[in-house]
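Chains as they are written, first to last, in our numbering: chain A, 8 to 663; chain B, 1448 to 1910.
Think of the hints as simulated: they come from the structure by calculation, not from any bench.
For clarity, every value in this text was computed on a predicted model and none was experimentally measured.
Among these hints, one or two may not hold up.
As the list claims (entries may be wrong) - In silico DSS-like cross-links for lysine-lysine, where the CA-CA straight-line distance does not exceed 27 Å:
(1) A:K130 with B:K1806
(2) A:K382 with A:K395
(3) A:K542 with A:K253
(4) B:K1528 with B:K1455
(5) B:K1528 with A:K78
(6) B:K1507 with A:K130
(7) A:K249 with B:K1507
(8) A:K502 with A:K539
(9) A:K130 with B:K1528
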Amino acid sequence: MAGSIDYREAGLIAGLEVHQQLLTPNKMFCRCPAGLYTETHDGEVLRHMRPTLSELGEYDGTALMEFKTKKNIVYLLHEDNVCTYEMDDTPPFLVNQQAVDIAIEQCLMLGCDIVDEVHIARKQYLDGSIPTGFQRTAIVGVNGRLPFRGRTISITQVSVEEDSCREVSDKGHLVVWRTDRLGMPLIETVTGPDLLTPEEVEEAILLVGRVCRSTGHVRVGIGASRQDVNVSVRGGRRVEIKGVPKASWARRLVHGEAIRQVNLLKLKDELIRRGFVDARSIEVDSADVTALFTASPLSFLTREGWDRFVAGEKRRPGFELGSGPFCVRAARLKGLAGTLAWPTQPELTFAHELAGRIRVIAGLDQSPILLHSEKWPDYSGWLAELRKVRGRLRCGPDDAVVVVWGPDEDTRTAVAEIRLRYIDAVGGVPNETRQPFEDGSTDFERILPGPDRMYPDTDSPPTRVTRERVEGLRASLPARPWDREARWDALGIPKNTAHFLIRRGGATLVEKLVAAGANERDAGFFVGEKLKFLKRKGVPVEAVPHERWVEMFRFFSQKPVLKEAWERIARETGRRPLDPLEATLSDLGLGDPPPAWRDSLLGVVAGAHTTGHDSSPGRLLRHATGLAMRSLRGKVPARDVIAILEVLLSATGGEA
Amino acid sequence: MSTVDPLKGYKGLARETLARLGVRVWSEVELTNDAGSVFTGVILPRSETFDDLHVVLKLKNGYNVGVHASRITGVVETGYKEAVYKIPEKDFPARPNLPKVTLLGTGGTIASRLDYRTGAVIPAFSPGELYGAVPELADICNLTTKKIFGVFSENMAMENYVVLARAIGDEIEAGADGIVIGHGTDTMGHTAAILSFMVQDTPVPIVLVGSQRSSDRPSSDAALNLIHSVRAAAYCDIAEVMICMFGPTSDRYGLLHRGTRCRKMHSSYRSTFRTIGDIPIAMVGRDGFTYLSRDFRKRDRSRKVQVDAVYDDRTTILYYYPGMRPDLVDALVEKGYRGIVIAGTGLGHINKPLYPAIKRAVEAGVHVVMTVQTLWGFAQMYVYDTGRDLLDIGIVPLENMLPETALMKLSWVLAHTDDRNEVMRMMRTPVSHEITAREPHNGYLIMQGGLPETQEWIRGHWK
Ligand SMILES: [Zn+2]
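All chains, full assembly: derive it from the sequences and hints.
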């Protein structure tokens, strides 16, 4: 991995917020079906989010700016999976109690203290991902623990909440969201900041995932579980890497964030050394330099280039497009020369931090978003152009320059945002939510909101959770994953197989088989390896109801000979999953020896005589057995067949 | 001033427990339960409608939880901080060249600030508070605000209409260029209707406004409705009583509906108000007005407003249904009701068994009028025999007047006269389009979803 760092020395700590969709037929606050995704729509709604007053604070320039840069938000609706609740045109119905039950199960798995009265809160999100502007969420349990690498990870809380929209596009000032996923029930499991290395983060994600899946009541598949990873180093601040889709991404992301924070802390020291100590000391001014670039080889800095971009992207005034004429705006960053090329994440610099903010907050998203004096593109005449800009801004040698372009108002917002980002830099690491990429890098998504964004949902009454309800759920709780793993380990089931069983829901089937009298080791291998093998071979084993496999194991204990034909039975069952197993077996003629099967072995022996020239010991017997079992597997135990063949072969003088 | 209960909303076991532990609402506490969990947060007031078993805490991370009082094993009070129900105020900037608009408050909240610590919604009402919440208002007008009724009074009734009508008259005479009335949406239609009769010949717009999603939500329609209504009051050319609310559910434009022809048609949609039997007068958006109708009274500062704020509330609506028993009508007469608006079926019908009771009512001097419960269309009782029989009994049809508007008008008319002919003349003479001569074909438009042509239209529009 790029960049190296001693995590312990840096004081790296990380925690998880694992979001897991629940397997309920309906959504959380309305009666729409959950899990029904659509890629088309039959209606659209246009909305805006308005910060509520306390977030605005006083009426000032920042507040006005927020309004001017606010996003147009379009929601795509499909009548199959959303109703007027998701559109925020109907208040919530009473909370889905099935979802609360599953959250309680998760709490019990983790040994949480379950709250006596569940209160729905609103968590504000102004990015439009939820049409109300807030997510309805509630704590169900607190104070749990998770055995991990010989120690204990604390579980701060388990909450139940509604899922958000899926983003379709985000261009300039228009963001489009699909609403099908909106309102599906989720549980969120929050760990304490107890993870100390990127490897631990990856492992803990998988472990929490197995806990969720152990309930058997959660969804699996793409997007069904997503995790936010909170990272900080000593002296830094909590940064949330949001929506990490795979555990395997976590290592590089956490590593990269640790490096980023360490570098930002070094930048802080450098800024302080240069005398930047507070907001007032950061001076950024700007000028319209459009005229300097009318003939620039950088075509995106010309009016014509911009018009082509707008036309090509079909950006409409009042929707995607910001207000004001096209403008190239240059900002002078007083005394900040050298800071734009300051390293942050592996292979990225502080200019990337600015670009992220400008993209999100000013809505300027044309690549490369900004140009700056410390890494100007290389073309003939570049130095003259940059010099002209510096002259226009009256730059001194210690000043840095950033150039942005787009609708005039957006460029002004961008300049204001550059200044704000530097003010944050004086404080070290700003609290941010960052978007992860597969290469291990992250980009700014939004300022991380604090507890102030939470307030009670006056539309929903609290739910009392009685002890009887909790005990009822405890009574039917499946085993915890670490208990299962320990038991299976003792039975000789490999760890990978155990994890696979827990992750993919096979553990539940194993338990059903054991309850029906199967040997646990056999059941574990059957579900964890044999079924997996058949699935890979294209047998539709997932369509087979669990009860069919339970029947199969029942037959196995009645007629052990059937075990030898497990593959044939399983394949046939996959072909006709709804037929009772008895019928399947009888059609295959399995279970009982065919009449005169002993006599048929004479023919086998005769045939076996004539083939092959290999004379290794036992070769003939193996060959004959193979031939015989083709028709007798699952009808006559192999060892009986072998015993007779041995006699027959020695009688004919073949071998003994 | 009444003293504030330090255990606000707590009853029974929860109250006893808090009292015993010596903590109160707004105490910052570390609360321990019998499982050893420690909850750090603030004790919140409890809703009166919740049970008496749980203590509600707002935790440090912003979530609320309820802890069963019997499970509390210890509480340490670490602080106490009462919620401040005060909004930061800034002077509403005076701009002499902008129109003067008066906002009259009738209760309910158009704008508000949220106290995140407690979740309390604090109404914003003074110009300074509103300026803090909706700064765009300062670019539109000079705003004056007056609270007519208590903040928590959302139960408008006849006596409130009188006070409101007089206040409107006073503000207009004092030189307001437009009036905005903040109002809860449930009975906004009723208020708009009766104000249309109580305040006549207005020289300036009178605009009622409210919100369907309260202003403590980022997606609220309140701010945009307020902006639209203030803009309409300040600049639009329509000097009538109007309702200004969302046109579509999308954040696009507001509609100006005639006060006598407007009805709330959905319990929760943003675009709940609809002009019935006609089209809205105008659209109001970011860039001004689109007038849809030419048939309105124009703004004219020289016209003198007539306030005629009287009522008689011995009136009611009978929403007819098959099998309605005649003794219901008898009971109304017996209780002294003076006016009955029937919302009849179809073209204005009720069934025969009621005839004698209605006849007795009319003979007793009760004024009985007919409207249609279909809302759209006219009471045309001469078409069928049944209708003609009703006319003979003395029921007077009110054409296409909406039932609620008819009730409001009848209450107003009965405060002027008890003479049957005069009552009926006044009822049938429109003051403000409550009866129209013609219904345009687009005055009735309930699109049926699911039809291919509707679906196609819906797909292509922001709803
Ligand atoms: Zn729904």
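Evaluation of the provided hints:
1. Distance hint between K130 (chain A) and K1806 (chain B) is unfulfilled; the C-alpha atoms sit about 61 Å from each other, more than 27 Å.
2. In summary, the hint linking K382 (chain A) to K395 (chain A) is supported, as the alpha carbons are separated by about 16 Å, within the 27 Å threshold.
3. Restraint check for K542 (chain A) and K253 (chain A): the C-alpha separation of about 23 Å stays at or below 27 Å, so the hint holds.
4. A distance of roughly 15 Å separates the Cα atoms of K1528 (chain B) and K1455 (chain B); the hinted pair therefore holds under the 27 Å criterion.
5. Taking the CA atoms of K1528 (chain B) and K78 (chain A), the gap is about 37 Å. The hint is violated against a cut of 27 Å.
6. For the given pair, K1507 (chain B) sits about 14 Å from K130 (chain A) by alpha-carbon distance, which is consistent with the 27 Å threshold.
7. A hinted pair counts as satisfied when its Cα atoms are at most 27 Å apart, and K249 (chain A) with K1507 (chain B) qualifies at roughly 22 Å.
8. Taking the CA atoms of K502 (chain A) and K539 (chain A), the gap is about 15 Å. The hint holds against a cut of 27 Å.
9. This hinted pair checks out: K130 (chain A) and K1528 (chain B) have alpha carbons roughly 23 Å apart, not beyond 27 Å.
Going through the hint list in order, the structure does not satisfy hints 1 and 5.
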